[in-house]
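Peer 1: One letter stands for each residue in the lines below.
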Amino acid sequence: MKDRLNREIIAMRVAKELQDGDVVNLGIGIPSLCSQFVPEGKTVIYHSESGVLNYGPMAEDGLEDQDLINASGQFLAPVDGMSFFSSSDAFAMIRGGHIDVTVLGALQVSKFGDLANWMIPSRGIGNVGGGMDLAVGAKKVIVAMEHNDKNGASKIVNECTFPLTSKSCVSLIVTDIAVIEVVREGLKLLECAPGWTKEEIQSETSVELIFAEGIQEFSL
Amino acid sequence: MKDRLNREIIAMRVAKELQDGDVVNLGIGIPSLCSQFVPEGKTVIYHSESGVLNYGPMAEDGLEDQDLINASGQFLAPVDGMSFFSSSDAFAMIRGGHIDVTVLGALQVSKFGDLANWMIPSRGIGNVGGGMDLAVGAKKVIVAMEHNDKNGASKIVNECTFPLTSKSCVSLIVTDIAVIEVVREGLKLLECAPGWTKEEIQSETSVELIFAEGIQEFSL
Amino acid sequence: MNKIFNSFEEAVSDIPDNSTLMIDGFAGPGGTSQNLITALRNLGSKDLTVISNTAGLASVIGFGTLPGKTPVDIGILVENHQIKKVIASFPVSPSPSRPTAFEKAYAKHEVELELVPQGTLAERIRAGGAGIPAFFTPTGVGTTVSEGKEIREFQGKQYVLETALKADYALIRAYKSDKLGNLIYRGTSKNFNSVMVTAAATSIVEVDKIVNIGEIESSLIDTPLIYVDRIVEIKENNER
Amino acid sequence: MNKIFNSFEEAVSDIPDNSTLMIDGFAGPGGTSQNLITALRNLGSKDLTVISNTAGLASVIGFGTLPGKTPVDIGILVENHQIKKVIASFPVSPSPSRPTAFEKAYAKHEVELELVPQGTLAERIRAGGAGIPAFFTPTGVGTTVSEGKEIREFQGKQYVLETALKADYALIRAYKSDKLGNLIYRGTSKNFNSVMVTAAATSIVEVDKIVNIGEIESSLIDTPLIYVDRIVEIKENNER
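Residue numbers (our numbering), protein chains in the order written: chain F, 6 to 225; chain S, 6 to 225; chain Y, 2 to 241; chain G, 2 to 241.
Note that these hints are calculated values from the structure, not bench results. Hints may contain errors.
Stated by the list, open to error - Away from chain G, derived, C-beta distances all over 10 Å, residues of chain F: (1) K7; (2) K21; (3) E22; (4) K47; (5) D85; (6) G191; (7) P199; (8) G200; (9) E205; (10) S208.
Said to hold, decoys possible - Just so you have them, the derived chain G footprint on chain F, three or more residues with Cβ under 8 Å: (11) 50-64; (12) 86-94; (13) 146-153; (14) 168-177.
C-beta: ideal position from N, C-alpha, C; glycine also.
Make a model of the complete structure from these sequences and hints.
Peer 2: As structure tokens, this is what we get:
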């Protein structure tokens, strides 16, 4: 089997999409790693639905404060210019269109940009959390995930079979083998992981991809 | 013509209705005078839709602060334990049922407790301000007004002819000649101003009043 | 990412004709962006729709005005024929003998009015900022302000459906801003400012003082930086 | 008018069976009223409906928990068979190998669940406190959480009608209270606490410290006193 990119490289590729001044909410898992890879010179403002804006690094060991957490329950370091607010205000920001980019994990993404990321049907119960709000509210939704599930099945599908998080919300999919844009006509392959051909990526993907002109290797 | 009570006495009578711990919003005019007459030993918490709670006396001359006003534009003195909030929060308190009593002026009150207090139709334009919110939101609405308008017409009417502020909202009417309770059956005369008989009050009132048993003189 | 503007004129210079603006201060000069309003009057943009609690009151009756002061409010925009429509709860003077500029223009059919109860106005603006397109409220049911609107019963009580308000620009008055745009307000001057700042595509804020990041403690910040686009410091001597 | 209670047991002693409660803390112990929850477990009231962001997470996966600490959350009420229904956004463990008490009870059909997106949950609670019976939101349209609910289009986009949530009691965690009940929260522990405190008939608050009136500056007050009914100070040593 071919080499796939690790979680850090996926996060690094996503981080390249973030623009100077963007207000960004990072989901749990691979998305949470993106903040480490924002290029020098770009200022990104982080928002967390735990009720904090403009946070910075995680707290150092021994300096954790239980009143200073992000939405993953990690401890944040206090930094100048950060602010706190209620859950209703946190989601007013999200739903009101004040978040520029959210990066979310996914179980499935459809060719229409539909997102399913909150419940594996076999479990019969799941956490919606803030994902549905982020998916409808953020100006841009980027999915960061492994291309295939642990059984090798394509997580990029013609129609989501898992319960939906939101319809037609995803703009860009960054996986461990490809960067794919959601366009009106379907899914457009933009970049391939090093060593992968577009045909090889197509064979791992259950949606028929549109091959962009000048498909490149992953640009970091 | 018989003597009528002055604005201060009306306010004093209304103040007697306020209970220890009540959260109270006072409208412009006679209602705004009530705070001077709350009996010793009763603590009343004042709310103003300018975004302040638990205010106390007016500011002394020379100590006015333009960032510390009530809804009438009067300057308040800073006191310990007062708090400030946005207009949306100020009205969340009102509409959400967190105000125990509001005292409002009126142009007309109907026998159903309908209130009209925002526009004289001949002017063609008027200020709704926060009155409609207070009338629907406060747990108890007390009207403090002159019994008759400047032409001598009864402001207590069978049906309001002026634009409504809110239907069936008034609990108690305190005027310069009477205290009248709004009950299911209509308007019940509870108290008469000194020197007034119930028949004399009826003759100034275009609604047929119910005479309570044991009608008393104004109790202050 | 620099949000700091050197002049009020520069900060409002791109406001085109036909814009919708949120401008407030409850009614008094304390929370009113008097310098931005003056700059907008000098700019002269026409056919504006202004969402505001009053339609300019302090300049006529001295509401909330310190002795000896002459406040500026949206009355000067009405007088300069820049306003097409006002959405307000308190559009006229409580004293008929001292009518507002708006009232006089309204009598001549030069301006339109949408009259909204104050709490509904605040909630519609909050909804605009919070991504809520419409909500039910008990306020105004059975009155002229709910005419033509959907009425629905919830648990035996009637409510009217009201829709969100948004604006192209908000002209905001705050007390301090740090260089990122985190704001604090002072006392009752929070009022509509802290709501309007969330509901405009571009929020322009005049402040007594712009301070360094960290000089406003995190627990004191009223408006987080994401709601603020442009900041101008009031240079004139300020008595606070 | 005295709101100060001497013990957690006394402060919750009248909570009857079948009550609806709001209890939160986002998920971690920072903002969770751990002492009031323990007192409610000791009281033993049954058939409770609990509105909460999670259904008890920290006690299982250590979410937001300082090293070496063992947090209390509503999991202990589930384990004690006091809960009939949970209204939450995050009811299960993200780690299937470490299921929450709620999840296990749910699998045995001992408890009901109403799953609500987190922003909708916060907004429904805010609406409950603000006298708004229902509102439209874009969140959840086209998903299972909007099934059976009214969908309506505003300006070309679809929204679902959601209704307000209220409670008989809220168990709140704040940082400080003055003797009147004016509250401040600390950092991210504001979360659902500052919303829930507005939406319950009776709000019971545990705080690190009760201070004299005036010791919390007016500009710092997060929750004005009208929302607070009972206050209990946490006597145990507190590391903050």
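Peer 1: For each hint, tell me whether it holds in the structure or not.
Peer 2: Each hint tested on the structure:
1. K7: Check passes; 29 Å lies beyond 10 Å.
2. K21: Per Cβ check, K21 (chain F) is outside 10 Å of chain G; nearest 28 Å; holds.
3. E22: 23 Å, holds
4. K47: 25 Å, holds
5. D85: 14 Å, holds
6. G191: Nearest chain G Cβ is 19 Å from G191 (chain F), so the label holds.
7. P199: Given that every Cβ of chain G is farther than 10 Å from that of P199 (chain F), nearest at about 32 Å, it holds.
8. G200: 33 Å, holds
9. E205: Given a closest Cβ separation of 32 Å, the condition holds.
10. S208: 31 Å, holds
11. 50-64: Coverage by chain G holds here, the residue count being 5 at a Cβ distance below 8 Å.
12. 86-94: Since three or more residues must qualify, the claim that chain G covers the region 86-94 of chain F holds, with 5 doing so at under 8 Å.
13. 146-153: violated (count 0)
14. 168-177: holds (count 5)
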